[in-house]
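Line order of the protein sequences matches chains A and B.
Per the working numbering, residue 1 is the first one in the first sequence, and the count goes up by one each step.
Per the working numbering, residue 1001 is the first one in the second sequence, and the count goes up by one each step.
Rather than coming from a laboratory, the hints here were simulated on the basis of the structure.
Just so it is clear, CB atoms sit at the ideal spot from N, CA and C, and this is done for glycine as well.
Certain hints may be false.
Claimed, not checked - DSS-like cross-link-like pairs, simulated, lysine-lysine; straight-line CA separation at most 30 Å:
#, chain 1, residue 1, chain 2, residue 2
1, B, LYS1042, B, LYS1057
2, B, LYS1057, A, LYS22
3, A, LYS19, B, LYS1068
As the list claims (entries may be wrong) - Where chain B lies over chain A, by a calculated footprint (3+ residues, C-beta under 8 Å):
#, region
4, 37–44
5, 68–77
6, 87–96
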Amino acid sequence: DTAVSQTPKYLVTQMGNDKSIKCEQNLGHDTMYWYKQDSKKFLKIMFSYNNKELIINETVPNRFSPKSPDKAHLNLHINSLELGDSAVYFCASSQPPNTDTQYFGPGTRLTVL
Amino acid sequence: QQQVKQSPQSLIVQKGGISIINCAYENTAFDYFPWYQQFPGKGPALLIAIRPDVSEKKEGRFTISFNKSAKQFSLHIMDSQPGDSATYFCAASKLGSARQLTFGSGTQLTVLP
């Protein structure tokens, strides 16, 4: 059973398009995250979200927006895609304060042409 | 501002050797320090973690050493194996409603057979 899953695994699109990446976790966790890993493998938090609070990293452009239809899902919507958005995006989940371990999904490689 | 600095960027060791990766942090509010392991094409996975109330934690061949006064922590991999070849990330987070991780820049470890 996959704990944290993401779709699609690969996403190739043109500049200016709008796209979404889906994330689902079956761990029963309350908190989910989106991270961006750039071409140098640097991992940076974008958002954390639970049913009470959305925390947005101040460097994330407002073209990016998380949307959570329910506790098990946190999708990432990206508007007006730019070349610099090309990266691998990881979803993760955890259950603070009971456990701080974050479980990561397999990643979505986004390529903007 | 890079809050968690990691070195070296890459590391090559012989099978059976000791791999040592170092990290330093700036924010004294951090109170949770995990190490994540990432294989190519996969998401990061928790390897081992420590809190600042202890100076060392060992799990199998993996040990974290923590120096609170110096604001430094390190990962030691004993008897390194080719299967340990991966990218290793240190991270830190602080108490809050969501444990957002601040990652180091990663270390590419290669263990030669």
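Now the hints, each set against the structure:
1. The suggested pairing of LYS1042/B with LYS1057/B holds, with an alpha-carbon distance near 26 Å, which does not exceed 30 Å.
2. Straight-line distance between C-alpha atoms of LYS1057/B and LYS22/A comes to about 36 Å, which puts the hinted pair past the 30 Å bound.
3. Straight-line distance between C-alpha atoms of LYS19/A and LYS1068/B comes to about 43 Å, which puts the hinted pair past the 30 Å bound.
4. Counting residues of the region 37–44 of chain A whose beta carbon lies closer than 8 Å to any beta carbon of chain B gives 5, which meets the minimum of three for the stated coverage.
5. For the region 68–77 of chain A, the stated coverage by chain B is violated: 0 residues have a C-beta nearer than 8 Å to a C-beta of that chain, whereas at least 3 were required.
6. Judged by the Cβ-Cβ criterion of 8 Å, the region 87–96 of chain A is covered by chain B as claimed, because 4 of its residues qualify and three suffice.
The structure does not agree with the numbered hints 2, 3 and 5 stated previously, though it agrees with the rest.
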